[in-house]
Amino acid sequence: MATGNTQSAELDHFDLLPFIAIMMCLLGTLLLVTMSMAAINIGAGAGEGWVPAPDPSPGAKTPVLIEWDGKYAIWHSEKGPQKLEEDFIEFTKFGGGWVRFDQNGRATRVTGPQPSALDPLIDYLEPRRQTHYALFAVRPSGFSTFRRFASRFEDRNIETGSEPIDQGKPVRLVLPKGASR
Amino acid sequence: MADMVTNTVGIMLFILIFVSLSAGGAVVSRHLPRERSTKAKAVWLFCSHGEIVPFDAAVLAEQLEKPLGVPSFYSASQWARNYSARRLETDQLEIAGDAKVEYDNDSGQAGATIVRNMLVRHRPNQRDDAAVKTPGPDFQTLLAERNKETEFLFFFVTPDSIPLFRAARDRATQAGFGVGWSPLGADEPARITLSGGGREATIQ
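As you go down the protein sequences, you meet chains F and B in turn. Counting in the numbering used here, the first sequence runs from 1 upward without gaps. Counting in the numbering used here, the second sequence runs from 1 upward without gaps.
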């Protein structure tokens with residue numbers, strides 16, 4: 001008789017403790033994932049997406065985003081980001097020939113200009129100067145050389161704009177649908 | 001039952017936050033800068049070492065040149081050397097002259113042009129703090145004193161003061177001022193061309 005009573009009591013009592021423990025584990029895991037994503041998105045590694053504010057003026061132009069870190073220009077093109085090295089070597093016509101200026105401004109006579117890694121970017125922007133402009137995201141390591149870099153574009157009458165951005169922070173341009181880069 | 005409801009709502013909230021952060025990223029809607037010329041007069045500001053320091057380039061240039069007198073064609077080289085040797089100091093700034101002479105014989109008459117620049121460097125003091133991210137009351141006073149119709153603010157910004165510049169620019173823009181900026185390397189002087197021919201300050 002006593003054995004029968006014990007079995008009945010065990011059947012009536014359903015122990016929730018193991019399920020609560022599983023639930024706590026699940027919540028803990030979700031919390032970890034959520035906090036990790038939050039840290040990635042808004043913490044030290046957060047990126048910035050720049051969305052142009054509407055510009056009703058008739059001369060509105062489409063920005064072409066170029067990151068500048070002092071050595072490399074990263075062109076956010078239609079084909080994806082392209083990393084271009086800037087060597088600060090310039091060629092100028094002089095007295096019927098060409099003069100090459102190196103990084104330190106030393107001049108040497110040469111037979112003609114040589115191609116630069118930046119040529120594809122400038123060749124893209126130059127014929128589109130009426131509709132596009134170069135928008136530079138300038139990183140702290142590129143502050144001291146930025147004006148020299150930007151002059152490459154300004155010398156070709158390409159309009160520019162610039163915005164500082166933290167050294168390691170990713171940046172992207174979020175253009176409205178239908179706008180071309 | 002109450003436990004189940006609470007847990008379910010909690011999980012849904014977590015998932016909602018997760019999806020929002022993942023999908024949204026940190027998209028910033030902003031007026032993207034584009035350089036434009038302006039007829040307004042520049043109010044020069046140094047934004048470095050966690051501090052915003054305004055300066056009057058015209059007054060400083062006058063102080064640099066005043067002891068040197070007026071140059072002539074024959075004294076141009078000496079005048080330029082003397083100008084380049086000039087130094088001024090204020091509480092927060094170091095100012096140096098930089099000049100060179102360009103001779104011109106193309107028109108048949110010998111001529112000389114003195115190209116004058118002023119190099120302005122912000123001198124940090126002990127109370128400077130690069131971690132400062134918002135402009136102080138002095139900047140608000142500056143905005144109140146200046147005329148947004150005839151003047152615009154031009155910042156020289158060093159890498160340690162990017163958040164401060166952004167905050168100051170937002171305040172200036174809200175107050176109706178045009179704003180331009182130029183990046184400077186750490187401890188690099190700002191170069192202001194006084195004799196024309198240099199790059200003009202623009203708003204963005």
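Just so you know, the hints here were simulated from the structure itself, not pulled from any lab data. It is possible that part of the hints are untrue.
Pairs of lysine-lysine, DSBU-like flavour, derived with a Cα cap of 30 Å [said to hold, decoys possible]: (1) 133/B <-> 41/B; (2) 41/B <-> 100/B; (3) 133/B <-> 100/B; (4) 100/B <-> 61/F; (5) 41/B <-> 93/F; (6) 83/F <-> 93/F; (7) 41/B <-> 61/F; (8) 66/B <-> 133/B; (9) 71/F <-> 39/B; (10) 169/F <-> 61/F; (11) 79/F <-> 61/F; (12) 133/B <-> 148/B; (13) 169/F <-> 133/B; (14) 61/F <-> 66/B; (15) 93/F <-> 79/F; (16) 41/B <-> 148/B; (17) 169/F <-> 83/F; (18) 100/B <-> 39/B.
Since the structure is predicted, the reported quantities are computational estimates derived from the model, not experimental observations.
Distance restraint between residue 41/B and residue 61/F, which requires alpha-carbon spacing of 30 Å or less: Between residue 41/B and residue 61/F the Cα gap is close to 26 Å, so the pair holds against 30 Å.
Given the hint that residue 169/F pairs with residue 133/B, test it: the Cα-Cα distance must not exceed 30 Å. holds, 18 Å
Is the Cα-Cα distance between residue 83/F and residue 93/F 30 Å or less? Holds: residue 83/F and residue 93/F sit about 28 Å apart, inside 30 Å.
With a cut-off of 30 Å on the C-alpha distance, tell me whether residue 41/B and residue 100/B pass. Holds, at about 26 Å.
Below or equal to 30 Å on CA atoms is what counts here, so check residue 61/F against residue 66/B. With Cα atoms ~46 Å apart, residue 61/F and residue 66/B exceed 30 Å; violated.
Is the hinted pair residue 66/B and residue 133/B satisfied, with a Cα-Cα distance of at most 30 Å? The given pair, whose Cα atoms are some 38 Å apart, is violated under the 30 Å limit.
Can the restraint linking residue 169/F and residue 61/F be considered satisfied, given a maximum Cα separation of 30 Å? holds, 25 Å
Quick one, are residue 71/F and residue 39/B close enough, alpha carbons at most 30 Å? Not satisfied, since the Cα-Cα distance of roughly 34 Å exceeds 30 Å.
Is the straight-line distance between the alpha-carbon of residue 100/B and that of residue 39/B 30 Å or less? holds, 28 Å
Is the straight-line distance between the alpha-carbon of residue 79/F and that of residue 61/F 30 Å or less? holds, 20 Å
Against the 30 Å threshold, does the CA-CA distance of residue 93/F and residue 79/F hold or violate the hint? The given pair, whose Cα atoms are some 33 Å apart, is violated under the 30 Å limit.
Does residue 61/F sit within 30 Å of residue 100/B, going by the straight-line distance between their CA atoms? violated, 39 Å
Consistency note: the structure conflicts with the earlier hints numbered 3, 4, 5, 8, 9, 14, 15.
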